[in-house]
Structure formats: structure tokens, C-alpha cells
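> Could you slot chain B onto chain A? The hints should help.
Protein chains in written order, with the numbering used here: chain A, 162 to 238; chain B, 162 to 238.
Incorrect hints may appear among the rest.
Said to hold, decoys possible - Per label pair, the in silico range of CB-to-CB distance: (1) 180(B) - 209(A): 17 to 27 Å; (2) 220(A) - 204(B): 32 to 42 Å; (3) 204(B) - 192(A): 30 to 40 Å; (4) 198(B) - 171(A): 36 to 46 Å; (5) 205(B) - 205(A): 34 to 44 Å; (6) 205(B) - 202(A): 38 to 48 Å; (7) 235(A) - 173(B): 23 to 33 Å.
Quick caveat, the hints were computed from the structure, so don't treat them as lab data.
What you are looking at is a predicted structure, and each value in this text was computed from that prediction instead of being measured.
In this text, a Cβ means the ideal position worked out from N, Cα and C, and glycines have one as well.
Protein chains: 2
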Amino acid sequence: MAQSIFYHAGCPVCVSAEHDIVALIGKNNVDIVHLGEQKNKIAEAESRGVKSVPALITPNGNVLHINFGASLADVRG
Amino acid sequence: MAQSIFYHAGCPVCVSAEHDIVALIGKNNVDIVHLGEQKNKIAEAESRGVKSVPALITPNGNVLHINFGASLADVRG
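Isolated chain A, as found in the complex (with noise of 0.2 Å):
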């Protein structure tokens, strides 16, 4: 399976979600990238169509954005 990637910012919300997704779908198949501490990948996630943290992009390219811990403006600061 191709990979997928998950945005996250640390947020209580976004660890919580990060601990479910890789449960779900197995580590070797998800990259974690913590946009608080490699905002120069905010861009790229923005350019991905990730609007807020987490945030899971399938392998095919869809954004899924799940519950809510933080929008990409608060994560820029």
C-alpha cells in the first residue's frame, strides 16, 4: 500500500488522532509530520489541501481532515 501522511501539530487532539490512525492502518504505512516543529512543511500541507490538524492524506491524494485541533493559521502563528 502506497503511503499515506499525517498532519499534526501535537495538540491533545492531534495525538489522540495520530495514536487511532496508526492503530488502524499500521505505522509502516502512515509518515507523521509535526507541522509545529517542520513548518516548512505548512506550505506543502497547504498546497495538499490540509486546512486544519490532524489531517490524513490518502495515498491517492484526498485530504481527510479529522476532528479538530488546530487550524493551519493557528499552527503558522
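Structure of chain B alone, referenced to chain A:
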């Protein structure tokens, strides 16, 4: 792996998310419940913490609201 439950209501956002979730976790690992057709399950979904559809209940009972299709109030009609 224990079963997850995916609640939806047939809306375009729901159908798209359903395809993604089935592709990610496998159709044998998720029960799909169409709340528009099974209105008797709306109360059950609500008691599990579902506020809107599409939503996924993980095997450990967490609710992942995925994107936003419709509120449960809208589904109830």
C-alpha cells in the same frame, strides 16, 4: 483487529470518505452504517459520541469525525 464502525448518510462527502476508509483499513475491518436508511441507529451513533457524518468509531471506541457532510440533526430530518 476488532471492528470499526463507519457512520454515514449517503452524502457526497460521506461516500468519498467511505471509499478512502475502506481502502485504508480494509472492508472486512469496518461495518458501514447508512444512517439515512437506518434511522433507528441514529440514537446509537449519538450515544457513541457521533456529532456529524461521516464518522468512524475506532475499535477502542474513539470517534473520528472525518471532514463534514451533515450534522446528526440534519440526518434525523
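> Each hint: holds or not?
Results of checking the hints against the structure:
1. In this structure the supplied range 17 to 27 Å holds for residue 180(B) paired with residue 209(A), their Cβ-Cβ distance being about 18 Å.
2. Distance hint for residue 220(A) and residue 204(B): a CB-CB separation of about 35 Å, consistent with the stated range 32 to 42 Å.
3. A hinted range of 30 to 40 Å holds for the C-beta pair residue 204(B) and residue 192(A), which are about 38 Å apart.
4. In this structure the supplied range 36 to 46 Å holds for residue 198(B) paired with residue 171(A), their Cβ-Cβ distance being about 39 Å.
5. Restraint check, residue 205(B) to residue 205(A): a C-beta distance of roughly 40 Å satisfies the suggested window 34 to 44 Å.
6. Taking the beta carbon of each, residue 205(B) and residue 202(A) are about 39 Å apart, inside 38 to 48 Å as hinted.
7. A hinted range of 23 to 33 Å for the beta carbons of residue 235(A) and residue 173(B) is consistent with their spacing of about 28 Å.
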